[in-house]
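What follows is each chain in one-letter form.
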Amino acid sequence: MEIGEDKKTQIDIDEQGELEEAVTEGLAEYVDVVYLEPAKTSFYRTPGGVIALKLEDKTYPRVNLHRAFPFSLGDKYISVREGSGQEIGIITDLDDFDEKARGILKEELERRYFTPEILCINSVKSEFGYSYWEVETDRGHRRFTVKGRGDSVIPIDEVRYLIMDMDGNRFEISDIRKLDRKSKKYLEGMI
Amino acid sequence: MSRVKEVFPYPFLGLLAMLPLFFIVVIKFGIMGYAGIPLDAGTILIASILIGVGVDYSIHFLGRVISEMKTGCNIHEASLIATRAAGYAIIINAVTLIFLNNYSRYTRMGEKKKINKDFCADDETFSLCVLLFKVGKKAMVILGGSTLSIKEDLPKQIIEALGDKGIDPQVIEFSMASDLTLNGEFGETWLLATKEKIYIVREESDNFVIEEVLFTDIERIRPENMIGSAMIVIGKGEDDRILVCYTSALARKFSIAVKVLEKLRKGEEVNEEDLLDKDFERNCPKCGTLYPNLNRKVCPKCLDRRSIFRRVLSFVPRYRSQIILILLCMLASSAMKLLGPFLSGRILFDEVLTEGGKYEGQVGKIVLIIFGSQLLSLLISIAYGRINAVMTAHVIFDLKSQVFGAMQRLSLSFFTNKETGWMMTRVNSDSNQLQRFFNNGFPYFIVNIVNLIGIAFILFSMDWFLTLLILLPAPLVIYIVRKIYPRLWSIFSRQFRRNSALNSLINDSLAGVRVVKAFGKEDIEVARFEKRNDDLFDISMEAGHMSSTIFPLVSFLMGLGALIIWAVGGWQVINETMTFGTLITFVGYMGLFYGPIEFMTHIVDWWSSCMNAAQRIFEILDSEPDVIEAPDAVSMSSLNGEVEIKDMTFGYEKTKPVLYDINLHVKPGEMIGLVGHSGAGKSTMINLIARLYDVDSGSISIDGVDVRKISMKDLRSQIGIVLQETYLFNGSIAENIAYARPDCKRDDIIRAAKVANAHDFIMKLPDGYDTVIGRRGMNLSGGERQRLAIARAILHDPKILILDEATASVDTETERQIQEALERLVKGRTTFAIAHRLSTLRNADRLFVLEKGKNVELGTHEELLKAKGTYFNLIKIQREGMKIKGIEG
Ligand SMILES: Nc1ncnc2c1ncn2[C@@H]1O[C@H](COP(=O)(O)OP(=O)(O)O)[C@@H](O)[C@H]1O
Ligand SMILES: [Mg+2]
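Line order of the protein sequences matches chains P and G. Letter by letter, the first sequence follows residues 3 to 193 of my numbering. Letter by letter, the second sequence follows residues 21 to 909 of my numbering.
Possibly wrong hints are sitting among the right ones.
[Said to hold, decoys possible] In silico lysine to aspartate or glutamate, EDC-like type, Cα no more than 16 angstroms apart, as pairs:
#1 P:K187 - G:E562
#2 P:K56 - G:D259
#3 P:K56 - G:E562
By construction, these hints were calculated from the structure, which means they are not laboratory data.
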C-alpha cells in the first residue's frame with residue numbers, strides 16, 4: 003500500500019540503481035535499451051495538439067510519454083512510445099534537452115499525469131465514511147469526494163501525499179510542512 | 021458560474037442575514053395580531069420583499085447548482101447542496117407565505133390572540149411545509165438527472181457566439197461541457213455536434229473561440245485515458261487531434277459522448293435512451309445524494325436504518341429467552357445499583373445514625389441489607405455473564421454460517437469486483453459488531469435509559485434545585501465527549517494502523533527471510549523496521565499525551581458536579597435545610613449519573629455503524645449471483661462435448677469488451693489450443709465456457725444447448741479445469757484428489773494419481789496419501805501440485821477439459837511427466853488448452869489464435885505455419901528465445 007519507503011532506503015535503492023547500470027552493461031547485446039539523445043531527436047507539437055517525434059530521419063506522428071518513476075523521479079527516465087504502445091526509446095533526463103523541447107515535454111507530461119497540487123484545504127467534511135473536500139489547487143478551486151479514510155490519502159514519502167478521489171482524479175500535496183495550520187489539521191484528521 | 025458565486029458567495033450566510041428581517045415581520049405580525057390591527061401597507065411590503073428574496077435565493081441556489089453540474093465540478097456535492105438548499109429555500113418561502121395567509125384569514129375572521137399558538141400548531145401548515153420540502157428534493161433529483169443528457173443546455177453567451185458565427189443552435193444534435201481546457205487548467209470547454217460537424221467552443225479572454233471539424237475529415241474517434249484525466253482524440257490517417265480534455269470525474273459522461281459522435285459520424289440515428297445506461301445513475305433517486313460507491317448503489321442517507329433494524333431484530337426471536345434474561349439481569353442489577361446510594365446515604369445516615377430516625381441504632385440490620393443487596397447483585401452479574409457467553413456463541417455461529425453459505429453461492433464476479441471484494445474482507449468484523457449489538461448494545465441501551473430516568477427521578481424528587489446545579493457541567497462533558505473524543509479515537513486508530521504496519525513488516529521479512537539473507541540485506545530490513553518503529557513511537561507518544569490530558573480533564577469536570585453538591589449541599593446541611601444522608605445519597609448518585617450520559621452521546625455513532633455493518637451483511641445475504649440458473653434449466657447428465665461459440669462478445673466491464681465476435685465450433689473429443697499474447701483474452705474465453713461469467717452478446721452452447729440453459733450442477737460436473745496456480749485445500753492428498761468424488765474408492769484415487777504421474781512422489785512421502793498439505797511445513801513443489809490437480813481432474817472425469825497454462829511453471833522433466841499425464845487425460849474429451857510453450861500444443865487438433873480479443877487465425881499447426889501470420893511469428897519468437905537460452909525449441 004505504501005508506495006514510498008522511507009527516505010533512507012530510497013537513496014539506497016537509487017544508489018543501487020546506478021550501480022546496476024554498470025553491471026547490466028554487459029547485457030546490452032541481448033536487450034537494447036534505446037536512449038534518446040537530445041541531439042538526434044526533435045519533439046514538436048502537431049496542429050492537432052499531440053506530440054510528434056523526429057528521430058534522425060524517421061518521423062513518428064504521435065508519441066506518448068510515460069514516466070518510469072512517476073513518484074521518485076518525475077522528470078527522469080521517460081519512456082517515449084508510439085501511438086500503438088511500442089517503445090521508441092527512453093529519455094534519461096529532461097534537463098538534457100533544450101528549453102523548447104523541454105517545455106513541450108513537460109507540458110505533455112503534465113497533461114498526461116494530471117495532478118493538481120493542493121495549496122490549501124478549505125474544508126473536509128466527513129459523512130458516512132466518505133469525505134467531501136474543498137481545496138485550492140494550483141489550477142484553481144476544486145471540490146471532490148474521497149472514499150474512506152486512510153486508504154485514499156497515500157503517503158509517498160515523509161512529507162508528500164497523493165490523494166485519490168472517487169473518480170480516480172489525483173491531487174498532490176508536495177510538502178505537508180508548507181501547508182497552513184488549518185489545512186494541516188484537516189489533513190491530519192484524514193491520515 | 022463564477023458570477024453566481026460572486027453575488028452569493030455564502031448562500032447560508034445570506035439566508036442567515038435574512039433571518040432578522042424574518043423575525044421583524046413575525047414580531048410585527050404577532051403584535052398586530054394581539055392588538056387586532058389589520059395589515060398595514062408597510063408590513064405587506066416587508067413580507068413581500070421577504071418572499072421575493074426567498075424566491076430569489078431558491079432560484080440562485082438552483083442556478084449555482086446547475087452551473088456546477090454543467091461544468092461537472094463535483095456533481096456529488098452539488099446535488100447534495102442543491103437538495104438541501106432547495107428544500108430550505110422552499111421552506112422559507114412557504115413559511116412566509118403560509119404565515120401571511122393564516123394571518124389574513126384570522127384577522128378577517130376577527131380572531132385575536134390565537135395567531136401565534138395556532139400558527140405553531142397548525143397541522144395543515146406543517147404538512148404543507150413537508151410537502152414542499154419533498155417537492156424541492158424531487159425537483160433537484162430531476163434536475164440532477166437532466167445533466168445526464170446528450171444535449172446539455174448551452175449558456176447564453178455561447179448561443180450568442182454561435183449566432184455571431186451564423187450557426188443555428190437548433191441544428192445542434194449534441195452538446196456536452198468538459199471541466200478542463202486544452203492546456204490542462206480547470207475551465208469549461210464545450211463539445212457540440214451537428215449532423216455534419218463537430219464544434220469545440222472555448223473561452224479565451226472573455227471571447228468564445230469556436231473551432232470546427234467536419235465528420236468527413238474524421239476516420240476514428242476514441243477516448244484516451246491518461247492518469248487522472250482523459251481526452252477524446254480524433255484521427256485521420258497518421259494524424260491525431262485532441263478534441264477535448266476532461267477530468268476522470270466526467271469519464272462516464274464522455275464515454276457516451278464518444279458513442280454519440282461515432283453514431284453521428286456514421287450518419288446513424290442517435291437515440292438518447294439507448295446511450296444513457298442505468299449505470300450512469302450517480303445519485304440516489306430518493307434524496308439526490310451521490311452514491312459513495314457506484315458499484316454498490318446504496319445511499320448512505322436513505323439507507324432505511326429502521327427496516328434494517330427490524331431485520332436485525334428478526335434474528336431476535338431465535339434468542340428471545342436469552343435476550344429477555346439478559347435484560348432482566350441488567351435491570352435487576354441496575355435496580356441494585358440504584359438502591360445502593362439510597363441505602364448507604366439516606367437510610368444509613370438519616371434513619372439509622374441520626375437520633376430520632378426510624379431505625380435508629382439498627383446498624384447491624386442495615387449493613388446486612390446492604391450486604392444482601394450486594395450479594396444479590398453479584399449473583400445477577402454472574403448469571404448475566406453466563407447467559408451472555410452462551411448467546412454470543414450462538415449469534416456468531418448463526419451469522420457466520422449464513423454469510424459463508426451466501427458467499428459460496430455468489431458468482432465469481434462478486435469476488436473479483438474490487439468493491440464487493442472489499443466487503444468480503446469486512447464480513448468477519450461486521451458479524452462481530454452485530455453480535456456485540458445483541459449482547460451489549462441493545463440491552464445496555466435499554467438499561468441506560470432506565471437508569472438515567474430512574475436517577476433523574478430520584479434526584480429531582482429529593483431536591484430539584486441541587487439536581488439542576490449538578491447538571492451544570494453536563495453540557496461541557498457532552499461537548500468534550502462529542503468533539504474531543506473523536507480526535508482521540510483518530511489518533512488511536514492511527515496508532516493501531518501503524519502497529520499493524522509494523523507487524524506486517526515483521527511478517528514480511530520473516531516470510532522473505534531467504535531473500536533477505538541471500539542478498540545480504542539484513543541492514544535494510546533493520547532500517548525499515550526502525551523507521552516504522554519510530555513512527556509507532558511518535559504516534560504512541562501523541563496518544564499518550566492526549567489521553568493523559570483528556571481523561572483526567574473529563575473526570576475533573578465530572579468531579580465539579582460533586583464539588584457543587586458538597587458546597588451547596590454542605591451549606592444546606594449546616595443550615596439544616598437538608599439532611600446529611602440526602603447529601604451522601606446525592607453524591608452517590610452523581611457517580612452513577614455520568615456513565616449513562618456518556619453512553620448516550622455515543623449512541624448515534626454506535627447505532628449507525630451497527631446498522632452499516634448489518635447492511636453490508638444483508639447485502640451479501642441478499643446478493644443475487646450474476647450467473648444464475650435459468651428457471652427452465654435442462655438437466656444434462658451426460659454430454660458429448662460439442663461446443664459452439666457464436667458471435668460472442670464479452671467484457672468484465674460493459675464498456676470495455678475483452679473479447680469481440682468470437683466464433684468457434686468444436687467437435688466432440690477435439691482438442692483446441694488457444695494461442696495469443698498474454699492479455700489477449702485466452703483465460704477469459706475459458707471462464708466463459710465454464711460459465712464463471714455470462715456472455716454479453718452472442719452465445720455459447722454445448723451439444724446444441726445454450727450453457728445458460730443447462731443446469732449449473734450438470735454443467736460444472738462435466739467441465740474440469742486445471743489451472744496454472746493450483747489451489748489445494750487444507751486436507752490430505754487423498755481428500756484433495758477426491759475433491760469431486762469424495763465417496764470414491766481408494767483404488768480410484770491411486771489409479772488417478774498413477775495416470776497423473778503423481779503416484780511415485782506421493783509414495784515417497786512418509787505419510788503417503790494421508791499426507792496433510794500445509795501441516796508441519798509440508799509443502800509441495802509447483803510440479804507436484806500440478807500433478808495432484810491433474811489427478812483431481814481425472815477423477816472428476818469431465819467431458820470437457822480446460823487446461824490453462826497447466827505446465828507453465830515447471831522444469832523440463834516435470835513438464836514431460838505432466839505432458840504425459842495430460843495426454844492420457846485429454847483422450848476422449850473435448851479439450852481447450854492454453855500453453856505458454858507452444859510446443860506443448862503439438863497434439864492440438866486445431867489452434868485458435870487470439871489477438872487483442874479478436875480471433876485472427878484458426879487451423880492446424882501446419883496450416884498456420886504456412887499462412888505466415890500471427891502464429892508463425894509467435895513460433896519464430898519462441899524459437900529465437902530458446903536459442904538465446906541455448907535450448908533447442
Ligand atoms: N476479473 C477481471 N476483471 C477485469 N478485467 C480482467 C479480469 N480478468 C482479466 N481481465 C482483463 O481481460 C484481459 C484478458 O485477460 P486474460 O483473458 O486473462 O488474458 P490471457 O489469459 O490471454 O493472458 C486483460 O486485459 C485483463 O486485464
Ligand atoms: Mg491467462
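Going through the hints against the structure:
| no. | hint | result |
| --- | --- | --- |
| 1 | P:K187 - G:E562 | holds, 15 angstroms |
| 2 | P:K56 - G:D259 | holds, 14 angstroms |
| 3 | P:K56 - G:E562 | violated, 57 angstroms |
Hint compliance for this structure: hint 3 is the single one not met.
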